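Student: Given chain S, work out where chain Z with the ligands should sit, using these hints.
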Amino acid sequence: MIRAIEKEISQDRRAFIKKVLGGTIAGSLLLVIPAGAVDLTGIPEQIPGMRGDTAPFITKKKFAFIVDITRCIGCGSCCVADKNEYKVPDGMYRTWVERYVIDDEDNVYVDSPNGGLDGYQEPREDIPHPTRDTFFVPKLCNMCEHPSCVQVCPVGATYQTEDGFVLVDSKRCVACGYCVQACPYSVRFINPETKTADKCTWCYHRVRKGLLPACVNVCPVQARKFGDLNDKDSEVYNILHQPHVVSVLKPGMGNKPALHYVGLRREVV
Amino acid sequence: MSPEHGVAAATALTNYVFPNDIHVHWSLMIVLYPYITGIVAGAFIVSSLYHVFHIESLKPVSRYALVFALAFVAFATAPLLNHLGHPERAMSMMLTPNPTSAMAGFGYIYSAYSIVLILEILFIYRPTLVALKQTATGFKRKLYGMLTLGSDNVSEKSLALDHKIIAFLAAIGIPMACTLHGYVGFIFGGVKANPMWATPLMPVIFLLSASVSGIAGIIFSYVLIKTFTGRFIDMDCVRTLIKFLWGCFILDFVFEMLELFSHAYMATHHWEALRDLYFGPLYSTFWIAQVGVFSVIPFVALGILSLVKLPDGVVKFFGSLISLMILVQVLLMRWNVVIGGQLMSKSERGHTVFRPEWFEKEGIMVSIVIMLLPIIFLYILSKVFPFWLDDEPAVEKQSA
Ligand code: SF4
Ligand code: SF4
Numbered sequence: 001m002i003r004a005i006e007k008e009i010s011q012d013r014r015a016f017i018k019k020v021l022g023g024t025i026a027g028s029l030l031l032v033i034p035a036g037a038v039d040l041t042g043i044p045e046q047i048p049g050m051r052g053d054t055a056p057f058i059t060k061k062k063f064a065f066i067v068d069i070t071r072c073i074g075c076g077s078c079c080v081a082d083k084n085e086y087k088v089p090d091g092m093y094r095t096w097v098e099r100y101v102i103d104d105e106d107n108v109y110v111d112s113p114n115g116g117l118d119g120y121q122e123p124r125e126d127i128p129h130p131t132r133d134t135f136f137v138p139k140l141c142n143m144c145e146h147p148s149c150v151q152v153c154p155v156g157a158t159y160q161t162e163d164g165f166v167l168v169d170s171k172r173c174v175a176c177g178y179c180v181q182a183c184p185y186s187v188r189f190i191n192p193e194t195k196t197a198d199k200c201t202w203c204y205h206r207v208r209k210g211l212l213p214a215c216v217n218v219c220p221v222q223a224r225k226f227g228d229l230n231d232k233d234s235e236v237y238n239i240l241h242q243p244h245v246v247s248v249l250k251p252g253m254g255n256k257p258a259l260h261y262v263g264l265r266r267e268v269v
Numbered sequence: 270m271s272p273e274h275g276v277a278a279a280t281a282l283t284n285y286v287f288p289n290d291i292h293v294h295w296s297l298m299i300v301l302y303p304y305i306t307g308i309v310a311g312a313f314i315v316s317s318l319y320h321v322f323h324i325e326s327l328k329p330v331s332r333y334a335l336v337f338a339l340a341f342v343a344f345a346t347a348p349l350l351n352h353l354g355h356p357e358r359a360m361s362m363m364l365t366p367n368p369t370s371a372m373a374g375f376g377y378i379y380s381a382y383s384i385v386l387i388l389e390i391l392f393i394y395r396p397t398l399v400a401l402k403q404t405a406t407g408f409k410r411k412l413y414g415m416l417t418l419g420s421d422n423v424s425e426k427s428l429a430l431d432h433k434i435i436a437f438l439a440a441i442g443i444p445m446a447c448t449l450h451g452y453v454g455f456i457f458g459g460v461k462a463n464p465m466w467a468t469p470l471m472p473v474i475f476l477l478s479a480s481v482s483g484i485a486g487i488i489f490s491y492v493l494i495k496t497f498t499g500r501f502i503d504m505d506c507v508r509t510l511i512k513f514l515w516g517c518f519i520l521d522f523v524f525e526m527l528e529l530f531s532h533a534y535m536a537t538h539h540w541e542a543l544r545d546l547y548f549g550p551l552y553s554t555f556w557i558a559q560v561g562v563f564s565v566i567p568f569v570a571l572g573i574l575s576l577v578k579l580p581d582g583v584v585k586f587f588g589s590l591i592s593l594m595i596l597v598q599v600l601l602m603r604w605n606v607v608i609g610g611q612l613m614s615k616s617e618r619g620h621t622v623f624r625p626e627w628f629e630k631e632g633i634m635v636s637i638v639i640m641l642l643p644i645i646f647l648y649i650l651s652k653v654f655p656f657w658l659d660d661e662p663a664v665e666k667q668s669a
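Going down the list, the protein sequences come from chains S and Z.
Everything in the first sequence is counted per our numbering, starting at 1 for the first residue and increasing by one.
Everything in the second sequence is counted per our numbering, starting at 270 for the first residue and increasing by one.
Fair warning: there could be bad hints in the mix.
Claimed, not checked - One-sided excerpt, in silico: chain S residues whose CB lies under 8 Å from chain Z:
1) 49
2) 134
3) 135
4) 237
5) 247
Claimed, not checked - Straight-line Cα separation of at most 25 Å, DSS-like style, residue types lysine-lysine; simulated pairs:
6) Z:402 with Z:426
7) Z:652 with Z:328
8) Z:495 with Z:585
9) Z:461 with Z:328
10) S:195 with Z:585
11) Z:630 with S:171
12) Z:433 with Z:512
13) S:250 with Z:652
14) Z:578 with S:256
15) Z:512 with Z:461
16) Z:402 with Z:585
17) Z:512 with Z:585
Hints were generated in silico from the structure; no laboratory data involved.
This one's a predicted model, so the numbers in the text were calculated from it and none came from an experiment.
Note that beta-carbon positions come from the ideal geometry of N, C-alpha and C, so glycine has one too.
Bound conformation, chain Z alone:
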């Protein structure tokens, strides 16, 4: 008899869910919300590795990563707004916030971070945009005029100043990106009523999984876009990204397991309910999918890709495949935390079930659309902000 079945038999009789816990209140939208913000935070960190920590090999993706982050940050609140029963009142969270609420600060952190991100992109792209403006006509010329912040000055002196501003924005951007996502973890970690969420490790795990999903998103999309547009792929950059992905994923996976292990080891009165949950309704999405397939395989594969000298083609193919697996792993992790945490009733005597529908307000179709929006937006952004340095138009140097 598998542990799953043993537990199922034992709980069939004693399974008691508080009547108001039968319904899962935070559904797919709240799974997507930390997923999208995580990708944003992770992508930003990739760019900062170059701009702040001067990891030169990441230069080819350094500005792409920022535009990628922008594409996702633009839709980070979409699932939230769709989830709210009264989205028309959403602004009260920022206008009349309750200072003791762990949720009220999100609007501020999110807005501040978005502003820093947009400013950084505009400054990094300024010389490029100035050059593009010179060749553009009509609407595009007006658009570039706006985006260059009205200054066509690309003298060395002015570029040096830009550089300082960029370094500053990137530097404050890192703690902000970390806060943004650590904070999302805290929204869950601060719910003392839920023994699965209420752990100080929650912000840490959320932050690590954010980094992982952001780096994986960059690798996957970089290789994919470059391959489909038939352009040169900088393998040194891909290899460096894979090493960072491996490093972050080691920490991420180890912390995820440690968290569960400490619950099991301390075996407080909560553990019985948590065990029933992990070996009951979460057995397939947690143990089989998240841990078994999408963590263990990438864990080993990333080690091999990082340590063994393999041909470029192999690194390219498996690097992007494993990145895709990591993206699924993080999505599963969000599911298991957000939905899993609610499956367990606060009676700690049983759990409920949750099956998302395809066509409901917060259903699967809407989730797919919400996940497609940033990708479409990224495509639109690519028309304005050239991702790759080899697309760079020649900048007419001016004298100071």
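Chain S on its own, in the form it takes in the complex:
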């Protein structure tokens, strides 16, 4: 019984993904182009070897997202790009940028007004002691290898694709909010427009077209990196396979994020 159900669900998803590939479902980038055949000539392939792959899942690739904290300048461009790409309702965040300030008494002050959408134009004035360290931390879905959200979803609306993406099927979601509670990183919310769970997808629809996620594309200092770990020439492969200070968020949760951070400080949760 359960097998049959799973099969049916997976068929649904294959059909959905085929539609993404065919261009009938797409984000804002593709909406400007008439549905049907999407003409990508003139837009260079940003992820090598993606355009030829029309299989339902990209099984030959292992994607990783890397955020370099030492590079982020807190400009908020990524947040703006994301909000535009997905028409994210105000007060909900698929991605956001946190500002950390550590004073010389080791007190940690964090803020993220409006999710960093307006950039950090002014320094924080309310810190009583001299500042020892300060940095920005962009946040997004960790695309966990063991995602809590998938585990708890009662109807299987949140699922993990064979290529490692964790996505939400908005036609199936009942908006119980269990996944919102279960995600250790608080990247999920219930979208008030669709009344379904929503979160960062690492721009799955762009990746399938060989394009980088919108936020990666716009970051002026390359603090956000995305690529294939099976490709030994990719930047992400090189970062994760060379001596770097690299870590993941809340490793104790056991979720095994595919999102890695370069220069992650212990103060960051």
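Tutor: Chain Z with the ligands alone, transformed into the frame defined by chain S:
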């Protein structure tokens, strides 16, 4: 300076809530959901104490407790459905469930339990319904005909068989009632991302508080209905119920405190956030209301009512008053767990605020209506199923 203010000052600067945690997703509806299922499970346990464990003094409420449970179980899913963004898809939880989800099993456990409960009521009431059918006319006669499962046979042999079936249903009903509510605790206890919920004690605490709320609901409504209808109150029954309430409440309260105490004693990195929560936004609803007023007073009062020989009138009055307080205690406990757990951001660096509105989809008015529905339904049920044995119509004995 009170601890509350000290913490408030310290967190004002460092308070950081993840942007998506500012909004509390599980609101009043999810407070009511475990509250109602808890009352159901507890009331069922009262009835089983008589039917399975043969506590004779509970006979006067044994079938009332079942009808009471039915009235509440009928509306256990009402808050859930109101909460869902897509209630029209709710059935997918049962038709295409995700086997790894701690929530997906609820539909099955709930349905199975409801069936057992309904069957048990029908079998217990069968002779009564047969007698009522004989005197009834029109619609009522048809209704009783349906409810007697088409059998008017009240011979001793057939009643003996009924008895066996009842004992069996009551016996499987107990583990089911315990599972139903222990499971609701697990829905919270299994959320590893939330350090307040993620404790193996959660199902235990939920189950104990369920028993407590069910017994308290029975005492309170029994005394109230009997008083207002000017009927005889069986004080032996009330006293026994109070003793059970006291026993369960000792366990319940002690476990609730132990849970907090172990968090404080182990003082892991979570404790700082939990302490800020308990002494910050939860200070009044947890320490003052749940613990101070609605736990300590009933705790002492139930001890006195159970141990000291007091006049009937005193037991009646204070027994029902304390039961009402216990019902409030459990509601507060649900609030503090469900809402409290979400006030603390997963950043573990701060907490958000939650104030329910009167007139919103999941607001206070709707909550009041949802809590009134089982009471109205109980009244309707009373027209079909006579609660008390002294209302029993004479059953015309047939020979086998
Ligand atoms: S970060 Fe949260 S939403 Fe993303 S895969 Fe992990 S558990 Fe799911
Ligand atoms: S809100 Fe939707 S995606 Fe999340 S657990 Fe519930 S049904 Fe699944």
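Student: If a hint holds in the structure, say so; if it doesn't, say that too.
Tutor: Quick rundown of the hints versus the structure:
Restraint check, residue 49 of chain S versus chain Z: the minimum CB separation of about 33 Å is more than 8 Å; hint violated. Taking 8 Å as the C-beta cut-off, the interface hint given for residue 134 of chain S is violated, the closest approach to chain Z being about 14 Å. Annotation: residue 135 of chain S was flagged as interfacial toward chain Z, and the flag is violated, the nearest CB pair being 14 Å apart, outside 8 Å. Annotation: residue 237 of chain S was flagged as interfacial toward chain Z, and the flag is violated, the nearest CB pair being 30 Å apart, outside 8 Å.
Given the 8 Å rule on beta carbons, the hint for residue 247 of chain S is violated: about 16 Å separates it from the nearest Cβ of chain Z. For the hint pairing residue 402 of chain Z with residue 426 of chain Z, the CA-to-CA distance comes to about 20 Å; that is within 25 Å, so the pair holds. Restraint check: the Cα-Cα separation between residue 652 of chain Z and residue 328 of chain Z comes to about 20 Å, which is no more than 25 Å; the hinted pair holds. Distance check on the hinted pair: residue 495 of chain Z and residue 585 of chain Z sit about 11 Å apart at the alpha-carbon level, within 25 Å; holds.
Restraint check for residue 461 of chain Z and residue 328 of chain Z: the C-alpha separation of about 43 Å exceeds 25 Å, so the hint is violated. Between residue 195 of chain S and residue 585 of chain Z the CA atoms are separated by roughly 49 Å; this puts the pair beyond 25 Å, and the hint is violated. Between residue 630 of chain Z and residue 171 of chain S the CA atoms are separated by roughly 22 Å; this keeps the pair inside 25 Å, and the hint holds. The straight-line distance between the Cα atoms of residue 433 of chain Z and residue 512 of chain Z is roughly 29 Å, outside the 25 Å bound, and the hint therefore fails.
A C-alpha spacing of about 58 Å is found between residue 250 of chain S and residue 652 of chain Z, which places the hinted pair above 25 Å, so the restraint is violated. In summary, the hint linking residue 578 of chain Z to residue 256 of chain S is not supported, as the alpha carbons are separated by about 62 Å, beyond the 25 Å threshold. For the given pair, residue 512 of chain Z sits about 37 Å from residue 461 of chain Z by alpha-carbon distance, which is inconsistent with the 25 Å threshold. A C-alpha spacing of about 35 Å is found between residue 402 of chain Z and residue 585 of chain Z, which places the hinted pair above 25 Å, so the restraint is violated.
Simply put, residue 512 of chain Z and residue 585 of chain Z have alpha-carbon atoms about 13 Å apart, close enough for the 25 Å limit, and the pair holds.
Checked against the numbered hints above, the structure violates hints 1, 2, 3, 4, 5, 9, 10, 12, 13, 14, 15, 16; every other hint is satisfied.
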